[in-house]
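Protein chains: 2
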Amino acid sequence: MSYRIDCLQYANWSEKIFRQMREGGVDAVHVTVAYHETFRETVLNLEAWNRWFELYPDLIVKGQLASDIDVAKDKGKTAVFFGFQNPSPIEDDIGLVEILHTLGARFMQLSYNNQSLLATGCYEAEDPGLTRMGRQVIREMNRVGLVIDMSHSADRSTIEAADLSQRPITITHANPHCWQPALRNKRDEVIRAVTQNGGIMGFSLYPHHLMNKSDCTLESFCDMIADTVAKFGVEHFGIGSDLCQDQPDSIVEWMRVGRWSKDIDYGEGSANAPGFPAMPDWFRDNRDFGNIETGLRAKGFSDAEIAGLLGDNWYRFFQSNFTPQTA
Amino acid sequence: MSYRIDCLQYANWSEKIFRQMREGGVDAVHVTVAYHETFRETVLNLEAWNRWFELYPDLIVKGQLASDIDVAKDKGKTAVFFGFQNPSPIEDDIGLVEILHTLGARFMQLSYNNQSLLATGCYEAEDPGLTRMGRQVIREMNRVGLVIDMSHSADRSTIEAADLSQRPITITHANPHCWQPALRNKRDEVIRAVTQNGGIMGFSLYPHHLMNKSDCTLESFCDMIADTVAKFGVEHFGIGSDLCQDQPDSIVEWMRVGRWSKDIDYGEGSANAPGFPAMPDWFRDNRDFGNIETGLRAKGFSDAEIAGLLGDNWYRFFQSNFTPQTA
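Those protein sequence lines, which keep their order, are chains A and B. Position one of the first sequence corresponds to residue 16 (our numbering), numbered consecutively onward. Position one of the second sequence corresponds to residue 16 (our numbering), numbered consecutively onward.
Derived from the structure by calculation, the hints contain no laboratory data. Heads up, some of the hints might be wrong.
[Unchecked claim] Looking from chain A toward chain B, a few residues come up when the C-beta cut is under 10 Å (computed):
1) Thr53
2) Gln130
3) Asp327
4) Arg331
[Unchecked claim] Covered by chain A, according to a simulated footprint, are these stretches of chain B (three or more residues, beta-carbon under 8 Å):
5) 104-115
6) 273-279
For each residue, glycine too, the CB sits at the ideal point set by N, CA and C.
Hey, can you work out the whole structure from these sequences and the hints?
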């Protein structure tokens, strides 16, 4: 059995997109349910997902365990797993880690661009590593089975999290810094710390993370994958497309500025290009996962390697990391 | 006119304590209304104060401007000014700075022992200085007239706040580290940064901040004041007693651990001495401010210096820092 799993999307969800996931053969997707939301606001977003599950039972189903993907695949649906890009849903309360896991959360970033109560974000000037609360929360996330995601965290915090965590951690959506030197892309020592401890990184299709951005070619993307897996091992990688389909520019502003600044912060954009950049023409949306498969095959990857990169590696990771820690 | 002002207390408030403030001649007090409270929880604490003001109109009155102290003094009451020991009441929302100032907040610490969204606390292993959000929030606090308090912040964050802020900042309650090397006490370079920018530090009576703790003598305390004001200027100091009268040990645990850890953190205490230490016998509570005056007089301070230290310095600070910034 081989799976197609996208380990990060934040679309403006609609029946159209749920149908496109089926067209693209996406068996499971990790969706963002919070950027800067408080606990209560996050619960509102979970309520919205409950309504979508109720409205589109033939297309989507809530995912909590890896085995939910098998059930979904068998019935031609997409299993939807929840995650947070910031620890804002737990506010200052370590007890909310278990509560949110019970509600379905499976991934949580320890910081999003800025300093959080737990760890430093990739846009801060300096990174002193994990905070006192961060060390406590990592232990609690390990215990309940909430996966640490360091996609938007700074380097030292990420390496410390990979080393301190008793379970493997992730970078659900990013690319190597040596290929495209965005602040958000990851240096080799960061990728090494995550992968050598059993973790997985998802390759991103977000144009600011691609060489030549929206003009990036499929061949360049697959070359980057070949170079990266040669260094760190193919079993440690997957896809985390960072697809933000149909979102208005107001959403990219919410992601970047939240409520923390009265000034606009353009993140990886600029005053001249404040919105979402155009996706590359070979990956417009969920229907185009087949193009990545074609590109990898042209690069000479084996069937097993392609299956691993497109979903099986994430599947195995889901199998061992979403349930409570065994003594 | 000379004033007696205590710039930090967190008592288990009662009619008894309000009457003791009158006995001690305390014209104004800065009270803590939040340690780890969210915005909504902070509002509940403000509601409790509104009930006390309604119940004890002959003893206490809400303070918003320095001139409220004159009205209070004239009628034999204590003016009560609100402050936060952590930025938790503004959560992640810069817009709450102005809202909370309107509700009466006049001081806010940028961090409390731990890393916050704004600055580093004094118990973290490293201090990278102000965060991106911290820099935005300082500007907003300056604009509306919410005073920055760095009593529980780490050194570099404090120095950066003193330098970045366009208005003077405070350390409402602490003593020099060279006198009693508690993590929370302040090194000379920190005191210098705050005072050279027009700020004020309040001397603390909290036993962990005193040489020989609960056994500290009045003479030693006044010697320390004499040494400190000789270095930095008498006009930059006052009293911030940190009196936590009648609080149960559960409250010191809330202050130290909040909701951020499942383990107990003893702060400046220890497993053998987890609760509040006994106050020195010459400063049991609000009735004993006269003892400090006696001690300072014995040390040779002039009437004007004593008046400044016991309240007039804080009064002048209140006069220029609680109202919006003028262009």
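Exercise. Where does the structure disagree with the numbered hints, that is, which hint numbers, in rising order?
Worked result: 3 and 4
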